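Colleague: So you can see what is in the structure, the chains are spelled out below.
There are 4 protein chains.
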Amino acid sequence: MYVHVVQRRSDGVIVRGAKLHQSGAFAAHETVVIPGGALRKGEEDYGVAFAVPNSAKGITYILQFNPLSAEREQAEDIFHLGNPQFGQRETCLMVFDDVFIPNERVFMCGEVEFSGSLIQRFAKTHRMNCGGACKVGFADIIIGAAQLAAEYTGTEKAPHIREAITNMIRISEASHACAIAAAVKGKEEPPGSGVYMPDDLFGNVAKISTAHGFWQIMALAGDIVGGLVVTMPSFKELKNPATKGYMEKYLKAAVPAEKRMRVTKVLQNWTAGLHGPGTWHGAGSTQAQMISLHRAANLEEKKRIAKKIAGIED
Amino acid sequence: MYVHVVQRRSDGVIVRGAKLHQSGAFAAHETVVIPGGALRKGEEDYGVAFAVPNSAKGITYILQFNPLSAEREQAEDIFHLGNPQFGQRETCLMVFDDVFIPNERVFMCGEVEFSGSLIQRFAKTHRMNCGGACKVGFADIIIGAAQLAAEYTGTEKAPHIREAITNMIRISEASHACAIAAAVKGKEEPPGSGVYMPDDLFGNVAKISTAHGFWQIMALAGDIVGGLVVTMPSFKELKNPATKGYMEKYLKAAVPAEKRMRVTKVLQNWTAGLHGPGTWHGAGSTQAQMISLHRAANLEEKKRIAKKIAGIED
Amino acid sequence: MYVHVVQRRSDGVIVRGAKLHQSGAFAAHETVVIPGGALRKGEEDYGVAFAVPNSAKGITYILQFNPLSAEREQAEDIFHLGNPQFGQRETCLMVFDDVFIPNERVFMCGEVEFSGSLIQRFAKTHRMNCGGACKVGFADIIIGAAQLAAEYTGTEKAPHIREAITNMIRISEASHACAIAAAVKGKEEPPGSGVYMPDDLFGNVAKISTAHGFWQIMALAGDIVGGLVVTMPSFKELKNPATKGYMEKYLKAAVPAEKRMRVTKVLQNWTAGLHGPGTWHGAGSTQAQMISLHRAANLEEKKRIAKKIAGIED
Amino acid sequence: MYVHVVQRRSDGVIVRGAKLHQSGAFAAHETVVIPGGALRKGEEDYGVAFAVPNSAKGITYILQFNPLSAEREQAEDIFHLGNPQFGQRETCLMVFDDVFIPNERVFMCGEVEFSGSLIQRFAKTHRMNCGGACKVGFADIIIGAAQLAAEYTGTEKAPHIREAITNMIRISEASHACAIAAAVKGKEEPPGSGVYMPDDLFGNVAKISTAHGFWQIMALAGDIVGGLVVTMPSFKELKNPATKGYMEKYLKAAVPAEKRMRVTKVLQNWTAGLHGPGTWHGAGSTQAQMISLHRAANLEEKKRIAKKIAGIED
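Chains as they are written, first to last, in numbering that gives the first Met the number 0: chain A, 0 to 313; chain B, 0 to 313; chain C, 0 to 313; chain D, 0 to 313.
Read the hints as simulated data drawn from the structure, not as lab findings. Small disclaimer: the values here were computed from a predicted structure and weren't measured. One thing to keep in mind: the hints can contain errors.
Note: identical chains are not told apart, hence a pair may lie in one copy or across any two.
Claimed, not checked - Each computed PhoX-like pair below joins lysine-lysine, with the alpha-carbon atoms no more than 20 Å apart:
(1) K56 x K184
(2) K251 x K235
(3) K40 x K251
(4) K56 x K18
(5) K302 x K258
(6) K306 x K184
(7) K184 x K18
(8) K243 x K302
(9) K238 x K258
(10) K243 x K258
(11) K307 x K243
Here chain A stands alone, though its shape is the one from the complex:
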């Protein structure tokens, strides 16, 4: 099922298989394909990396569909959506049904001994970015929106609200710090190449911290915004003559109903939608990162220190 070479020709290769969870591939000019895992001898057909232009012959994109897709299809105004200006992260199942890749676009073909390091390079960059940078930006939106929601309903000075805001900041900035540490402790790989890669240990910590932390941020923001984040009526009711007056009267707070609804809708997207498992599995499952982290940590050095302190000589 994984993408692999089914025919080697003098001018290129024919590939077949599928890639799941491809964020934005259907909208990109080019897709760069690499193997999905480290490979062993005998798996040369799967050791293929290449670039392919959008909609090349034989490629089919099957898009994700979920409740947020349905809502988007029906929306009459993008401001009736939870992330109006940027939308949701659209992924697709990308199918390669005997696609021809010319030689000049093939980067790897059978060199399985390099597959592990190729993936590790991708992974360590992605984990730093995805865990410690991308999601911290998301968290800034959530924290800002939660603070606004609290101010709109006059609860922003309540001690448990302040504590919830502060805890979101703490969780998010700890991930941010991991990204900074991954970048600062990065190394030129290989030396002299001019290419710098993030530190593997801090990159993995960034991603795992975020995987756990984002659920906590969702819970804290969901606490602050209140039940309306689930039970809010449609924005259309603001224009419906039968309900407009009621909506304006009963959903207004320190601000008119529409402002309150807009910030609530943004928080619905972040706390009552796809972001929990999306963040968990983005950049690979957390369990894979736990394994990488165990490998990246220098346990022998820590044992040496502990032995020295305990006065244990081997």
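Dock chains B, C and D against the given chain A, drawing on the hints supplied.
Modeller: Just chains B, C and D, lined up with the frame of chain A:
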């Protein structure tokens, strides 16, 4: 804005105001309205409790609308939805625009001194049920579906999957135990009345434990089911001639693609939808329950024990 | 190394081996010994259960020794200790060096097929008691002492202190509820025997919840009492002419220095001593309970419910 | 009770009061005293900062005393202690009973308008170091010792042990990353001074993350090492003719009993001693840091982003 009496007549009262977050009210034969909080002298107009039939003159139900509503409107088959047979919990904003309530349907009108105990009786029942019973049933669905998802993809024996399943059981059954304890330690109130109410302390613990625990269960189930819970294509692609073959080939596991998709869809509903904040705020916000719990605990007795142990005599 | 039969005689058996972590055995009139785990055919010598009086010939008790033991040895007044009236839980390594057990004191000898159920009966009682009852009593002391410490320093109304107190109550009472549920859902085993055993599932949940929760209670109480819980000088300084005046002046709060010190000392015992790992490993390690819990849960029934909801027919 | 000026003379000042929790002051050549909090007009006498040599006339150090102190007093061999080569962190109550400080050693005297920034400078350095650096070194010892303990008992490959080790690494390195970020994002204060101070936001996150994380690390290490961490007999039993043989036989594992006991003793110090509340309150209470963190975060900027996304114009 809260529901209150605007006119007292010889044959009944006229009420005005709105109730937010009314689960299922639009589909119920009758709605029983009680005050939303304990009241003080001078707030007699808000101290009103009554029953009103569905769609009485002056009542408007404004339904919630969110991504899952949109998905439901578009669905051609209920099995394309995440909770196909039971649907989502529909709430509404229920507006009372000068509704007449005849005297025989009015249970309380101005007796503010009883408003606190009326609400507390409702609250302690609801917190036991909602926190410790209702959500435990939800968790059973989630745990069963997560176990199925793991079996379908062959990961059910992996140690971290078994641990995740066991942790979900632990969290859910701890809430279950709180509901049992609330029921078992319940008391006849008032003595001789034949009416038994749950224990306040355990009821509040049930609800707060569940508020935290449900987020954890969502995270654990989301871990097990994998990224497909976010990125899955539409069920329609299983019938689309252009994609049907690819879907069947690339989404099958130990079971055909459709079975895997069905269990994934159920888990999408539970882990990537409205249930985090829904569970948190259902039965009242968790912060309110923390205050109730502090009041319900016998701190003086605990201080007495601590003093005895420390040898402190006052 | 485990206790086992080394010789079978007509009037009894000779046993050899050791039992670790024996709470209070050195002070008990009798010790009842059972196997430490489920046994298989071929391990009959280890399938031995018996009662033995204190200090029978061949028995040696080697007591635990830790910082709290040292403090107790030096104390001139029991109120200078952290748990003055009840002391710490003293365990010992109990060695059986060819101890003769007469037949009338032997309950099992070689019947390995019953070893699993014997242990399970012990375990389910112990886990209910140890996790859900014993530690809840400990927590009551801690909560009471923390509340006193807050009142003595005038912080008991600060929102984060109230929240910490409420969270300790929540955590402790959830374990309490598990013990109640384990007892209420207990069954006569075997039917007609008149012997009732606690429910296995809730008993395991009680113990695991407590294992995690006790660390949290320690952290919350340690937060409330403040740094003095670590840095407090000796009670002897209250009588030392060179320091007595300073102690009384600088350690008094809403109460004289000695009262404040006594409650701080109690909390030192509970938050800065042996109770974290003690609670974790008491009644067996938490990992063993996770395995028991996975087995006790009815996963098949949960899968059945999930399949019904998803419309999956096998 | 706080240190303050009681007399101003032409050649210096006389100070009176006490400082609690002074780590190592009794062993330092000099102590630098600064105010304990931001001060207001009218509190000039408390706005005093100075250096004082050890044991100056009028100074009394009253040392902390706790179970670990008692154990140290009795120990015949430092390797019978839990942190043999470095000992515990000794604090003292440092009393100033009318101590004369000559003018050349007085850095501040009455300038209350600078007291807040003086403390903040100390705090941000201390929080970065204490939370994100010092405790990470401690954690390295704990992780190394826990890994050794697992290897000595042959459990290091068990999945839940590997996971516990990995989680300790994750928690510790996240704090480490916060210290790196605090340092990297530090600024010259004031510009041109050549003095660089750590970033306040990341410094506070470092300390708060560690305050929570250290309890978790203690719990994870305590899980790995097992119940012996509480119940271990005295090292003296290894030399006691009556028990030596039993100790060697029943406490040996993959290594002789003494090695196993040494690593267990180190872990007793870290998981069953003073380090939970010690870490929590060191560098000031966590609640103070939560307040600093709320102040250090740029909430207005986050609100601006959220408004832009929601399409809210003020």
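Colleague: Classify it for me, K307 with K243: is the Cα-Cα distance of at most 20 Å met within a copy, between copies, both or neither?
Modeller: Neither way: K307 and K243 sit 74 Å apart in one copy and 25 Å across, limit 20 Å.
Colleague: Up to 20 Å between alpha-carbons, please classify K40 paired with K251: within, between, both or neither.
Modeller: neither (66 Å within a copy, 27 Å between copies)
Colleague: When Cα atoms must be at most 20 Å apart, do K56 and K18 count as within-copy, between-copy, both, or neither?
Modeller: Classified as within; 16 Å inside a copy, 57 Å across copies.
Colleague: If the cutoff is 20 Å on CA atoms, where do K251 and K235 land: within, between, both or neither? Let me know, please.
Modeller: This pair counts as within: shortest intra-copy Cα distance 16 Å, inter-copy 40 Å.
Colleague: Checking an output row: K56 and K184, CA cutoff 20 Å. Within, between, both or neither?
Modeller: For K56 and K184, the Cα distance exceeds 20 Å both inside one copy (43 Å) and across copies (49 Å).
Colleague: Given a CA cutoff of 20 Å, do K302 and K258 count as a within-copy pair, a between-copy pair, both, or neither?
Modeller: between (57 Å within a copy, 13 Å between copies)
Colleague: If the cut is 20 Å between Cα atoms, do K306 and K184 qualify within a copy, between copies, both or neither?
Modeller: Neither. Shortest intra-copy (27 Å) and inter-copy (35 Å) distances fail the 20 Å Cα cut-off.
Colleague: When no copy is named, should K184 and K18 be tagged within, between, both, or neither for a Cα gap of at most 20 Å?
Modeller: neither (32 Å within a copy, 39 Å between copies)
Colleague: With identical chains treated as interchangeable, where does the CA-CA distance between K243 and K258 reach 20 Å or less: within a copy, between copies, both, or neither?
Modeller: within (14 Å within a copy, 44 Å between copies)
Colleague: Could you figure out if K238 and K258 sit no more than 20 Å apart (CA to CA) within one copy, between two copies, both or neither?
Modeller: within (14 Å within a copy, 42 Å between copies)
Colleague: For K243 and K302, with the copy left unspecified, which applies at a CA distance of at most 20 Å: within, between, both, or neither?
Modeller: Answer is neither; intra-copy 68 Å and inter-copy 28 Å both fail.
In terms of the numbered hints stated before, the structure departs from hints 1, 3, 6, 7, 8 and 11, listed from lowest to highest.
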